[in-house]
Amino acid sequence: MAASESPIEPARSRTGWVRMAVASGATAAGLAALLASVAFGLQAVTLPRPSRAQLIAAETLRWLTRQDAVESVAFVRGRAVSSYCVNATVGPLDGSRRLNASLLITGRRRLVDTRFASFRLGSALREEDGPLPAIRAVRAGCPRTLQRRIGRFLDKRVPVCVRRVFLHGTPMLRLFFGCPGRGLLLIVEPRTSVPVAIRIAGQRTGWAYLSPAERRDLARPALRLSRRLRLIVKADV
Amino acid sequence: MSAWLHERRGILGAALLSRALVLGAAAADHRLHWPHGKVPVHGASTAHTLSILSYWDGVWYRTIAEQGYLLIPGRQSDPAFFPLFPIVLRALQGLGLSFLTTGILVANVAFVIGIVAFYELSKRVVPSEVARTSAMFAAFFPMSFVFSMTYPESLVLAALALALLLALEGRWTLSAVAGAAAALGRPEALFFAFPLAAIAVARGRTSGRAASGRAIGAAFAPIASVAAFPLYLGWALHNVSAWNGAEHAWGRSFKLDGVVRAVHQLHQRGQGPWLWRDVAFCLIYLALIAAAGRLGISWPWLLASAAVVLVPLASGTFLSDARFGLLALPVYWGAGLLARRRIVRLPVLVLSAGLLVAGTMTIPLANP
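Here the protein sequences come in this chain order: Y and A.
With our numbering, the residue at position 76 of the first sequence is 76, and numbering never jumps.
To convert, count from 1 in the second sequence and add 237; that's our numbering.
Since the hints were made in silico from the structure, they are not lab data.
You may find that some hints are simply not true.
Cβ-Cβ distance ranges computed for the label pairs, FRET-style [stated by the list, open to error]:
{"no.": "1", "chain 1": "A", "residue 1": "R531", "chain 2": "Y", "residue 2": "R157", "range": "50 to 56 Å"}
{"no.": "2", "chain 1": "Y", "residue 1": "G30", "chain 2": "A", "residue 2": "A439", "range": "19 to 25 Å"}
{"no.": "3", "chain 1": "A", "residue 1": "R578", "chain 2": "Y", "residue 2": "L99", "range": "53 to 59 Å"}
{"no.": "4", "chain 1": "A", "residue 1": "L503", "chain 2": "Y", "residue 2": "P131", "range": "39 to 45 Å"}
{"no.": "5", "chain 1": "Y", "residue 1": "A80", "chain 2": "A", "residue 2": "P272", "range": "53 to 59 Å"}
{"no.": "6", "chain 1": "A", "residue 1": "A328", "chain 2": "Y", "residue 2": "G30", "range": "23 to 29 Å"}
{"no.": "7", "chain 1": "Y", "residue 1": "M20", "chain 2": "A", "residue 2": "R531", "range": "35 to 41 Å"}
{"no.": "8", "chain 1": "A", "residue 1": "Q505", "chain 2": "Y", "residue 2": "G122", "range": "33 to 39 Å"}
Just so it is clear, CB atoms sit at the ideal spot from N, CA and C, and this is done for glycine as well.
Whenever a hint applies, use it, and build me the whole structure from the sequences.
Next up, the structure:
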C-alpha cells in the first residue's frame, strides 16, 4: 500500500496541523501578551501617577456633574442659614446665546452665577462686581460653580492634601486644595467621595454643610421669581 | 553605508529640506510676531523661537510628560491622548532640554527616519519611481508640518512604516515591537493590523511554524498595545474607561450616526475655514486612496487607510481629519502615481511646499 493511501496518515497529518496551529496560536498570544505587558510597564515606570487626594477630588467632581441641585446649611453668627442652588440657564444676555449658570436662593436673596459674571436677581438682572458672589455660590455647593472651581484646581494640578477627620463622630476625609490661607476645603464621604461640607480658607465664614436636593419648580411663589425673570433664568431641562 | 546613503540622498534631502521650510516658517512667525493677538492655546509657551510648533495639543502632551494623566470629569482632560510621545519626552528628560525643545527634536528626527522607512516600504509595494515620488510627497505634503509639531505623528509614521517594512522582510518580532510602538502613539495605528495580518497570512504559508506564530503575533501587536493603555489608566486612575470619558468631554463620542452629524455640522452657521480645510483634505485623502487602488495595492491596505480617514468622522465632526489622514500611508502612493511624470511632479511638489509653509505659518490661527 502506498504511503498516501495509508488509513493512518490523514489522522497523523491532522494531529500535526492541530499541533502547529496550537503552537502558532501560543506563540502569537505570548508575543502579543509580552508586548502589552511591556507597553503597560513603560507607562507605569515613566509617567507620574496622580495622588490619592487628586483621585478622590476627581470622584467628587464626577458626583457633582451628576447633581442638578444642592442644599446647604451654614451658620452665620450662630444662626442656621439654608440655601438652595440649582443648575440653570440664563440669557440671552447682550444678544448672545443662553449660558449655563447656577441659581442660588438664600432666603430672599437670589443670585445667578455664570462662568463669566454673577448677577443679583431683583426686579431685573443686575451684574455683581468682585469675587464675592462666586465665592457664595461655591460655599453653597452650587454643583456647576463648585465643579468649575475644583476642575480648575485639578487642571492646574494644584496640590491636594487629604486627611482623615471625624464629622459628628463619623469618619470622613478632608480635602484641601491649594495654598494655605486661600484654598478650598472639602469634607467628603470616604467611600463615595460625596461632599458633605465645604469651607473657603481665608474667609471668616465657617463650614457649610451640603446635601443633594431635588429639583424644584422655579414658578413656585416661595421662590419669588417673576414671570419675566423666569424667561431669563430657566432651570436646566 | 555611504552607498546606502548615496542611493537615498534624494529622499533624505527632501525630508531635510521640507523640515527646514517648516522650522524656518515657524521661526519667521516668531520673529515677525505674527499673527498679533492672544496665544490660542492656554499654557502654550511663546518665548521659544519655534513655540508655534507646540501649539494645538502640544500643551496636553507636555502636561502628561510633566505630571501624568488625570481624568477631570466634565472638562477636557489628558487621558484622551495616547502615551508614547509623553513617555519619550520623559525618558529624554535627562538631556537637560526643555520639554518643548525635546519634543521638536524628537518629532523632526523621527520624521526623517519615518520618510526613509516609508521609502523602503514603498519600494517593496509599488514601482520604484512611484516609491520615490511618494516619499517626496510625504515629505512636502501640505499638512506635514504636523510631523514637526510636538505631536506623536512623526513617531507613529516611523514606527508604522518600520512595522510594515519589517513584516514584508519576515522579521516578525521587530515588526511586532514597531507595530506596538505605533499603536501606543496613536490609536489609528490599530487599523494597520489589517495589512500586517494580510502579510502574515501570505508569508506564514511559506515559513515555518514558529515564524507563522510570530507573524500572527505581529498582526496582533498593535491591538495588544492599544489595550495596554486603558489597562494602565485603570491602574493609575482607577478608571478603565477614562479614555472614553475624556474623548466624550472633547466632543469625540463615537456613534453610528456620527458621519451624518459630521455632514450636518457643515450646514450650521459660523463654521470656520479650518473645518472646510479638514473636509477638503478628507476628500483629497479618499481620492488618493482610490488612486492607490489603481496601483494594485491590496484591499487590507486600502481598508486600513480608509479607516484612518473615515472612522474619526463617526465622532460627529470633520475637525482634525486633515491631521488624522497623514498616517494613511497609501495616500502618498496615490499621489506618487498621479504625479509620476516629471512634468507634473515638479510643479505639484513646489505647490505642495508652498502650502506647507503657509500651513505652518497659520498654525496660530487655527485651533483644531
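Now the hints, each set against the structure:
no.: 1; hint: A:R531 <-> Y:R157: 50 to 56 Å; in the structure: holds (51 Å)
no.: 2; hint: Y:G30 <-> A:A439: 19 to 25 Å; in the structure: holds (22 Å)
no.: 3; hint: A:R578 <-> Y:L99: 53 to 59 Å; in the structure: holds (57 Å)
no.: 4; hint: A:L503 <-> Y:P131: 39 to 45 Å; in the structure: holds (41 Å)
no.: 5; hint: Y:A80 <-> A:P272: 53 to 59 Å; in the structure: holds (55 Å)
no.: 6; hint: A:A328 <-> Y:G30: 23 to 29 Å; in the structure: holds (26 Å)
no.: 7; hint: Y:M20 <-> A:R531: 35 to 41 Å; in the structure: holds (38 Å)
no.: 8; hint: A:Q505 <-> Y:G122: 33 to 39 Å; in the structure: holds (37 Å)
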